Amino acid sequence: MTDQPEIRVKVTNLVKEYQLGGKHDPKLRAVDNVSFEIPRGRCLGLVGESGSGKTTTAMICAGLTDATSGTVEVYGTSLTDITRPELRRLRRHIQVVFQDPHSSLDPRMSIQEVVAEPLLVHGVGTPDERKSTVAQMLELVGLTPGVAKRYPHQLSGGQAQRVSIARALALRPEVLILDEPVASLDLSIQAQILNLLGELRETLGLTYLFIGHDLAAVAYVSDEVAVMESGRIVEMGSVEQVYGNPQDPYTKKLVAAVLDPIDDIGVFKA
Amino acid sequence: MPATEPLLRVDDLHVSFPTDHGIVNAVRGISWSVDAGETLVIVGESGSGKSVSITAVAGLLPRNAMVEGSVRFQGIDPLALKGRALREYRAEKVGLVFQDPLTALNPCFTVGDQIAEIFRVHRNLDRKSAWTKAVSLLEAVQIREPERRAHQYPHELSGGMRQRIVIAMAIALEPPLLLADEPTTALDTSVRGEVLNIISALRRRMGMGVVLITHDVGVAAAVADRVAVMYAGQIVEIGDAEDVFRRPSHPYTRALMASMPRLGSTRRLEAIKGLPPSPREISSGCSFQPRCPIATSRCVADDPALTFVEGTTVEAACHYAGPREEASL
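Those protein sequences? They're chains C and V, same order as listed.
Numbering of the first sequence is given in the numbering used here, commencing with residue 353 and proceeding in unit increments.
Numbering of the second sequence is given in the numbering used here, commencing with residue 8 and proceeding in unit increments.
Wrong hints could be hidden among the right ones.
Cross-link-like lysine to any residue pairs, in silico, SDA-like; alpha carbons within 20 Å at most [as the list claims (entries may be wrong)]:
{"hint": "1", "chain 1": "C", "residue 1": "621", "chain 2": "V", "residue 2": "310"}
{"hint": "2", "chain 1": "C", "residue 1": "605", "chain 2": "V", "residue 2": "249"}
{"hint": "3", "chain 1": "C", "residue 1": "621", "chain 2": "V", "residue 2": "249"}
{"hint": "4", "chain 1": "C", "residue 1": "375", "chain 2": "C", "residue 2": "402"}
{"hint": "5", "chain 1": "C", "residue 1": "501", "chain 2": "C", "residue 2": "527"}
One side only, chain C facing chain V, incomplete, derived with CB under 8 Å [claimed, not checked]:
{"hint": "6", "residue": "565"}
{"hint": "7", "residue": "567"}
{"hint": "8", "residue": "613"}
{"hint": "9", "residue": "620"}
In short, the hints are calculated from the structure, not lab data.
All of these numbers come straight from a predicted model, not from anything done at the bench.
A virtual CB, placed ideally from N, CA and C, is assigned to each residue, including glycine.
Turn these sequences into a full structure, and let the hints steer you where they fit.
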């Protein structure tokens, strides 16, 4: 699989250490020798429990945190050894959707401004063009044009998450990093967003890195999954393979802990 | 259970709050009961009124809440209690477990001290015997090395352990009823099972009635004897877990099940269109009708009441209620 032009994101031996306390204290290895690649148009799911290093890995891939060692290549360009302006240009192609839409949208900006901001930052288009891009993006994520004039607090969680997705898509990136995009949403809304993400991937040919703790939700959108435990990927493979026939003891434990609303009726009742 | 009075009965409970934007009807006429030794799970999305309804039972509603209907608990009406009697009711009759164990515990005291305080205040025990009781309680919630853990502060413990401490505090005075509001939501999945197991084991051993609130249908299915599904401040379906989840009778329950990703299933999720109504603007007729795939003009005109569905243990509030197997969702 190496060096195929089709690979959009390639992570090799990624390590991130945080210094605990003073410089003589031990270091915390949040990400420990993580490697994976995501071919164009595919979705890799990253599952694990809190503190397993999923989000740190994602933030390094988005160029928002520096790695201690190892490389991240997006489009064959290494994020780790390029200049700041180059990194800035590369970021146009790789955008992030965060967990809690209400805390990742500026409360003082109208939705129009929120979605237009990435265009402004990267100097894309005239004011009129930006306005029409915003309208297009809102339509793409299933929102009415009237939403543009509103403010984040006037939106429901599901609508706000659609706005975050519209903002992430405004620069027409090819790679989306989705960090628990449905975890803060109600069940009936989760399905709307999961289906939307699936449709967008298909129509726009997007590549996803999807982070989640809900194994079933991750399986629904992903082609492959990687299971993380204390900074390491303990198992990786197709969804069917990893969930259907887990090899690693930690994966087994995670899969066994999933509670299915029909198959697991009464398992903790007796 | 014999046809005696249940441990707790809630009858036609309404709870509303005055706000700057008019009155919010959070709970609109719900009735349910729980027997000793039974687990009732209330499932619903945020804003459906599930927390408000158990807050009322716990006697913890804010002063400005407007309450109608009745709650009977072993011959007492908790809604009518005041002062000392209310304090005693909260201490002796109901144990409470909330979502986030870190905010439920005091960061300034060791967990042992916090548990021991309950025995010193309510049982007049001296420091030493209260401490001993606290340590044995930690053992009851399956905390290893309880003596050492008792000396630790909440921040030194893992999330699952903290929630077990909260459970220990809730059951310290052996209340007949445990109210648990999203007890596993803040926990990792692998710890979730342990906590649910402990709640089940304690319920069995102490014969407690348990009312557990969750938005997680999987959790509900795993622990419930009976399930109440809430939507927009009302119960739309209530009955045995087996019937509610395997053969849902209400279209909202069915829609909820169909919108859930399940492991090992590649079926496309059927999202429920639209949004749940805001408690300020609930329309006439059935409150699910604007989002319901089988709604008719009758549903707009006429709000269906809970009625028994033949051949099931379920009561459902739908004109077209009827059990459907999961396959026909």
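With a cut-off of 20 Å on the C-alpha distance, tell me whether residue 375 (chain C) and residue 402 (chain C) pass.
violated, 26 Å
Please work out if residue 501 (chain C) and residue 527 (chain C) have their alpha carbons no farther apart than 20 Å.
violated, 28 Å
Against chain V, run the beta carbon of residue 565 (chain C) and see if the smallest gap drops under 8 Å.
holds, 7 Å
Residue hint residue 613 (chain C), partner chain V, criterion CB-CB below 8 Å
holds, 4 Å
Hinted contact residue 567 (chain C) with chain V - closest CB pair below 8 Å:
holds, 6 Å
Verify the proposed pairing of residue 605 (chain C) with residue 249 (chain V), using a straight-line Cα cut of 20 Å.
Given pair residue 605 (chain C), residue 249 (chain V) is violated - Cα atoms ~25 Å apart, limit 20 Å.
Has the given pair, residue 621 (chain C) with residue 310 (chain V), been kept, meaning a C-alpha gap of at most 20 Å?
violated, 34 Å
So, residue 620 (chain C) near chain V? Judge it on the closest CB pair being under 8 Å.
holds, 4 Å
Given hint residue 249 (chain V) paired with residue 621 (chain C) - CA-CA distance at most 20 Å
Holds. Residue 621 (chain C) to residue 249 (chain V) sits at ~12 Å (cutoff 20 Å).
The structure is inconsistent with the numbered hints 1, 2, 4 and 5, although it conforms to all the rest.
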